[in-house]
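Starting from the given sequences, assemble the full structure and let the hints guide the process.
Chains A and B, in that order, are what the protein sequence lines are. Numbered as in our numbering, the first sequence ends at 398 without a single skipped number. Numbered as in our numbering, the second sequence ends at 660 without a single skipped number.
One or more of the hints may lead you astray.
Unchecked claim - In silico negatives: residues of chain A with every beta carbon more than 12 Å from chain B:
id: 1; residue: PRO60
id: 2; residue: ARG67
id: 3; residue: SER141
id: 4; residue: ASP208
id: 5; residue: GLY226
Claimed, not checked - With the C-beta cut set under 10 Å, the calculated list includes, among others, these residues of chain A facing chain B:
id: 6; residue: GLN19
id: 7; residue: VAL280
id: 8; residue: MET387
id: 9; residue: THR389
id: 10; residue: ALA391
Said to hold, decoys possible - If you anchor each label on the Cβ, the simulated ranges turn out as follows:
id: 11; chain 1: A; residue 1: GLY107; chain 2: B; residue 2: ALA614; range: 40 to 48 Å
id: 12; chain 1: B; residue 1: GLY538; chain 2: A; residue 2: VAL396; range: 55 to 63 Å
id: 13; chain 1: A; residue 1: GLY132; chain 2: B; residue 2: ALA408; range: 23 to 31 Å
id: 14; chain 1: B; residue 1: PRO587; chain 2: A; residue 2: LEU266; range: 25 to 33 Å
id: 15; chain 1: B; residue 1: ARG430; chain 2: A; residue 2: ASP384; range: 46 to 54 Å
id: 16; chain 1: B; residue 1: ALA481; chain 2: A; residue 2: GLU48; range: 40 to 48 Å
These aren't lab readings, by the way, just hints derived from the structure by calculation. In this text the structure is predicted, and so the values were computed from the model without any measurement. Don't be surprised by glycine CBs; every beta carbon is placed ideally from N, CA and C.
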Amino acid sequence: MVEASVLRKKGRFGQFGGQYVPETLMPALHELEEAYEEAKVDPSFREELESYYRYYGGRPTPLYFARRLTEHIGGARIYLKREDLCHGGAHKFNNVMGQALLAKRMGKGRLIAETGAGQHGVATAMAGAVLGLPVEVYMGSVDVKRQSLNVFRMRLLGAAVHEVSEGTRTLKDAINEALRDWVTNVGTTYYLLGSVVGPHPYPTIVRDFQSVIGGEIREQSKAQIGRLPDVLVACVGGGSNAMGTFAPFLGEETELLGAEAGGLGLASGKHAASLTGGRVGILHGARSYLLQDEDGQVLETHSISAGLDYPGVGPQLAELKDTKRASFVAVTDEQALEGFRALARLEGILPALESAHAVFAAMQKARDMDRDAVIIVTLSGRGDKDMATVADAMGVTL
Amino acid sequence: MSRLAGAFAAARGEGRAALVTYLMAGDPDLHRTEAFARACEEGGADVIELGIPFSDPIADGPEIQRAGQRSLRSGTRTRDVLALVASLRRRTEIPLVLMSYANPVFAMGLETFAEQARAAGVDGVVVPDLSWEDSDEISGALDGCGLDGIQLVAPSTPVGRAAAIAESSRGFLYVVSRFGTTGARADLPNDLPARISDLHRVTDLPLAVGFGVTTAQHVRSLADAGADGIVVGSAIVQKIAEDAKPEAIARFVAELTSGLPA
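Following this line, the structure appears as structure tokens:
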């Protein structure tokens, strides 16, 4: 009776990860882990998920050669992994569909989720609608305001959106409130966490479902380019599109580059670059890099993109930083807008501001590389949700 | 015998349960927390628990969340809470327990935290967001300084797991009364008496029940159900938020202790 429930030290990535949560949640995390381990090896689960990926979500998403961007930079060839074409407009769908099917399999009658930019909330609302599960989404009041279009989308899709007015009123506080809901309703509720953060087994589950991105990149780059890429670039907030892109390449030579939100610059203190500007700490159930003060109080973050505006980061990315398997750069708001404009003018694609950080990092990287080198950027989402923010940054009144 | 073990044994000797009162250190400021702590002792509290404020208190309901925010806004730092303990310790032998989320403790460094807590006169430490699986590092540091690392069990904890958790706990076992966060409530869960007797069967540690205990009536019914200790937090914190004076807190604590059969 004791053995199964008292296994210690699970879900570690080096010193990172773990299960720093109230005891009330531990049995639920054990239940989730068991259910996931079973589902993972059940062919019927894979089949159902792949069917949703293909016929509902529009997967596989294309790998697109950005010819004019490449010519403009005059360095490495830049390809875009078009997650912006995924149903809902972002990679969030990949994880949500997997976890929602898992919730259904576990017999949980209610989905809760947190959201920052609103993309994860929208994806959860879609999945809830298509699977017939009620959805409640927690969102910081600052984000409700700057992403009001996504709030409306969630409500149209049948989800209830709860505004969180505690703390910094952004993604971190939305997660706090979702955790409090889960602690209260843990028997009936599935917490559909949107990134590779949180207590074990979430960082593993979310990474695995998002690995469809990197898996497709492998096949597509072999088929279209004849080899694997030299560099993979993805933006990092919590880090789910980055882990999904990187995970299938961990055993390869491919260089892995993450673009964090540099906000107004690292020196300003107004940023959300936990890996490049933080220290090791514990937040939301895991040990990882964290933006915090000397006493361990979590700091307010800033980024032009709500989806990267988070003081923590997934524990496996922290390990990839420490082992130097991946490197990370901070891209400022201004630089992200430069990436945004370049992609709009040269390729006719309006990227999400989150993804624009990765685009800028790739442009920088491409400059220093040979013309036969290959960089693949995961374009994690489309920019429709960001029009008001971009207009504001450009001084345009809509 | 540790101060905590002593307090529970003394209460048991008197045929009653022990009352543990929680205060958020630094709400509204440290000077007043010290006055409130003395008021709790005067009102008959057996143990005083002091919360270290944290920016992201996921186990707390609105009362203690807001108290933490008020404390942080008034500039409370971890070292100030330790200084408050040292100041209280100069005047009293009442057991003092710190409640802190994991990150402030790790930020100070486990060894440093444990040593400074011992030097200040702390008796025990509760970390509400530290699963038993991940508690070994901090328990080791606390043990090394002779401090009690207090573990928590929840309504969702299977009894076999509760036995293992109790084995790692020192001083007492903190029994979370309900699913959910801290916060004042009208009723206690119906299954508590059965849970308390199940837990008594797997451990000899005193059982202190907390989360949602709000009235003298709650205190009495938990004592009747076999709890060795009862923790009251949000109800006191709420009175402080409503600007209660130390004398009013002392009276409220006395009213709560009247629920403990003598």
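For each hint, the structure was consulted:
The Cβ of PRO60 of chain A lies farther than 12 Å from every Cβ of chain B, with a closest approach of about 38 Å, so its non-interface assignment holds. Once the 12 Å rule is applied to beta carbons, ARG67 of chain A is consistent with being away from chain B; the minimum gap is 46 Å. Listed as outside the interface, SER141 of chain A is consistent with that label: its C-beta sits roughly 15 Å from the nearest C-beta of chain B, beyond the 12 Å cut-off. Even its closest Cβ contact with chain B, about 21 Å, leaves ASP208 of chain A beyond 12 Å, as expected for a residue assigned away from the interface.
The non-interface label for GLY226 of chain A is consistent with chain B: the shortest C-beta to C-beta separation is roughly 46 Å, beyond 12 Å. Hint status for GLN19 of chain A: holds, given a least beta-carbon distance of 5 Å to chain B, under 10 Å. Hint on VAL280 of chain A holds. Least Cβ distance to chain B is approximately 8 Å, under the 10 Å limit. Given hint, MET387 of chain A at the interface with chain B, is violated; its Cβ is 32 Å from that chain's nearest Cβ, farther than 10 Å.
Contact between THR389 of chain A and chain B, as hinted, is not supported at the beta carbon level, the nearest pair being about 26 Å apart and thus beyond 10 Å. The beta carbon of ALA391 of chain A comes no nearer than 32 Å to any beta carbon in chain B, farther than 10 Å, and the hint placing it at the interface is violated. In this structure, GLY107 of chain A and ALA614 of chain B meet the distance hint of 40 to 48 Å, their C-beta atoms being roughly 41 Å apart. Hint check: GLY538 of chain B to VAL396 of chain A, Cβ distance near 58 Å, so the stated range 55 to 63 Å holds.
Between GLY132 of chain A and ALA408 of chain B the C-beta distance comes to about 58 Å, which lies outside the given range of 23 to 31 Å. Between PRO587 of chain B and LEU266 of chain A the CB atoms are about 49 Å apart, so this pair departs from the stated range of 25 to 33 Å. Under the hint 46 to 54 Å, the C-beta atoms of ARG430 of chain B and ASP384 of chain A, about 52 Å apart, fit the expected range. For the pair ALA481 of chain B and GLU48 of chain A, the beta carbons lie near 59 Å from each other, so the given range of 40 to 48 Å is not met.
The structure is inconsistent with the numbered hints 8, 9, 10, 13, 14, 16, although it conforms to all the rest.
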